[in-house]
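Trainee: Below are the chains, spelled out letter by letter.
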Amino acid sequence: MTKPTRVEINCTTGEQSIIELTDAEIADMATAAQAAQDQQAAAQAEDQAKATAKAALLARLGLTADEFATLL
Amino acid sequence: MANTYTLISSNTLTTTTSSVTFSSIPATYTDLKVVGSTRSSTSDQTLLYRFNASTSNYTSKYLGGTGTAAESASFTTLTAGAGGTWGRIGNAGVNASTTTATTFSNWELYIQNYASANNKSSSFNSVTENNTTAAFAELDAPLWSDTTAITSVGFAVYNTGSFVQYSTFYLYGIKNS
Chain X
1 MTKPTRVEIN CTTGEQSIIE LTDAEIADMA TAAQAAQDQQ AAAQAEDQAK
51 ATAKAALLAR LGLTADEFAT LL
Chain S
1 MANTYTLISS NTLTTTTSSV TFSSIPATYT DLKVVGSTRS STSDQTLLYR
51 FNASTSNYTS KYLGGTGTAA ESASFTTLTA GAGGTWGRIG NAGVNASTTT
101 ATTFSNWELY IQNYASANNK SSSFNSVTEN NTTAAFAELD APLWSDTTAI
151 TSVGFAVYNT GSFVQYSTFY LYGIKNS
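Chains X and S, in that order, give the protein sequences.
Reading the first sequence from the start, the letters are residues 1 to 72 in the numbering used here.
Reading the second sequence from the start, the letters are residues 1 to 177 in the numbering used here.
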């Protein structure tokens with residue numbers, strides 16, 4: 001499998017190099033991707049919990065969401 | 001009339017690339033300006049940067065519009081991307097892969113007094129292109145709290161994003177006389 005690459009341009013010599021990422025750099029990318037997925041999942045879980053709590057409160061009050069909105 | 005605006009180097013990517021770095025930048029100018037036109041290989045659209053390959057002391061203030069709302073934020077933490085941690089300039093800056101096909105963002109990073117012994121403040125502006133409501137226009141004030149003279153400037157995309165083929169980067173040197 002082809003490794004990801006980066007480009008480095010030496011402004012003094014004009015040389016432009018295409019360099020393969022090291023295994024450590026590729027591992028960093030995987031870690032970053034996992035962290036982003038975890039963060040997104042946590043945010044979605046928080047949103048879901050808020051929606052569930054709101055629905056439960058409205059049910060206890062005997063109101064629909066539209067009826068509650070007219071009170072605001 | 002003195003020539004105060006000089007193209008130092010440029011690159012048009014020939015393949016998908018994780019990061020682009022201008023290195024060994026001569027200290028003979030007053031300011032630097034980088035002009036980019038970029039698109040991401042993924043839905044990640046946040047442009048990241050590094051001076052001198054440093055991974056710390058970056059902060060930025062963001063003011064922008066999304067197509068439906070105006071917003072602002074402070075970015076004080078580092079964001080992981082290709083090859084580790086990078087400074088975060090703003091909210092977007094790079095066209096996501098989900099935007100209209102073959103469209104690219106446009107941006108400019110202006111770095112004042114890059115060779116001075118003071119902290120390095122910059123200004124950044126960008127627009128993304130998209131034939132739907134959701135597109136980003138933003139102004140940012142990045143700060144690198146480091147007194148070292150800047151000799152390299154690198155760019156990457158947040159998370160697993162890479163710059164796609166035909167993304168372009170132009171580095172200019174600007175003299176004050």
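Everything labelled a hint here was simulated from the structure, so no lab data went into it.
Heads up, some of the hints might be wrong.
[Claimed, not checked] Computed beta-carbon distance windows for the label pairs:
1) X/Glu15 x S/Asn52: 11 to 21 Å
2) S/Asn52 x X/Ala69: 47 to 57 Å
3) S/Glu71 x X/Glu20: 48 to 58 Å
4) S/Asn52 x X/Glu67: 57 to 67 Å
5) X/Ala51 x S/Ser74: 26 to 36 Å
6) X/Asn10 x S/Gly65: 32 to 42 Å
7) S/Thr30 x X/Glu20: 48 to 58 Å
8) X/Ser17 x S/Leu7: 41 to 51 Å
9) S/Asn57 x X/Ala41: 39 to 49 Å
[Stated by the list, open to error] On the chain X side, residues computed to face chain S include the following (Cβ under 7 Å):
10) Arg6
11) Ile19
12) Asp23
13) Ala27
14) Gln34
15) Ala65
16) Ala69
Here the structure is a predicted model, which is why all the values come from computation and not from measurement.
Every residue, glycine too, gets a C-beta built ideally from N, C-alpha and C.
Trainee: Against this structure, judge whether each hint is valid.
Mentor: Here's how the hints hold up against the structure:
1. Against the hinted window of 11 to 21 Å, the Cβ-Cβ separation of X/Glu15 and S/Asn52 comes to about 19 Å, which satisfies the hint.
2. A hinted range of 47 to 57 Å holds for the C-beta pair S/Asn52 and X/Ala69, which are about 54 Å apart.
3. Taken as a hint, the range 48 to 58 Å is violated for the pair S/Glu71 and X/Glu20, whose Cβ atoms sit roughly 38 Å apart.
4. For S/Asn52 and X/Glu67, the hinted distance range of 57 to 67 Å is satisfied, since their beta carbons lie about 60 Å from each other.
5. Distance hint check: the CB atoms of X/Ala51 and S/Ser74 are about 28 Å apart, consistent with the given range 26 to 36 Å.
6. In this structure the hint that X/Asn10 and S/Gly65 lie 32 to 42 Å apart at CB holds, the actual value being about 38 Å.
7. At roughly 36 Å, the beta carbons of S/Thr30 and X/Glu20 sit outside the given window of 48 to 58 Å.
8. X/Ser17 and S/Leu7 have their C-beta atoms about 19 Å apart, which leaves the hinted 41 to 51 Å range violated.
9. Our hint of 39 to 49 Å for S/Asn57 and X/Ala41 is violated, since their Cβ atoms are close to 30 Å apart.
10. For X/Arg6, the suggested interface contact is upheld, since its CB lies about 4 Å from the closest CB of chain S, less than 7 Å.
11. For X/Ile19, the suggested interface contact is broken, since its CB lies about 9 Å from the closest CB of chain S, more than 7 Å.
12. Taking 7 Å as the C-beta cut-off, the interface hint given for X/Asp23 is violated, the closest approach to chain S being about 11 Å.
13. At about 10 Å, the closest approach between the beta carbon of X/Ala27 and any beta carbon in chain S exceeds 7 Å, and the interface hint on this residue is violated.
14. Taking 7 Å as the C-beta cut-off, the interface hint given for X/Gln34 is violated, the closest approach to chain S being about 10 Å.
15. Restraint check, X/Ala65 versus chain S: the minimum CB separation of about 22 Å is more than 7 Å; hint violated.
16. Among the interface hints, the one on X/Ala69 is violated; its C-beta lies about 21 Å from the nearest C-beta in chain S, farther than the 7 Å criterion.
Violation of the numbered hints given earlier is confined to hints 3, 7, 8, 9, 11, 12, 13, 14, 15, 16; the remaining hints are satisfied by the structure.
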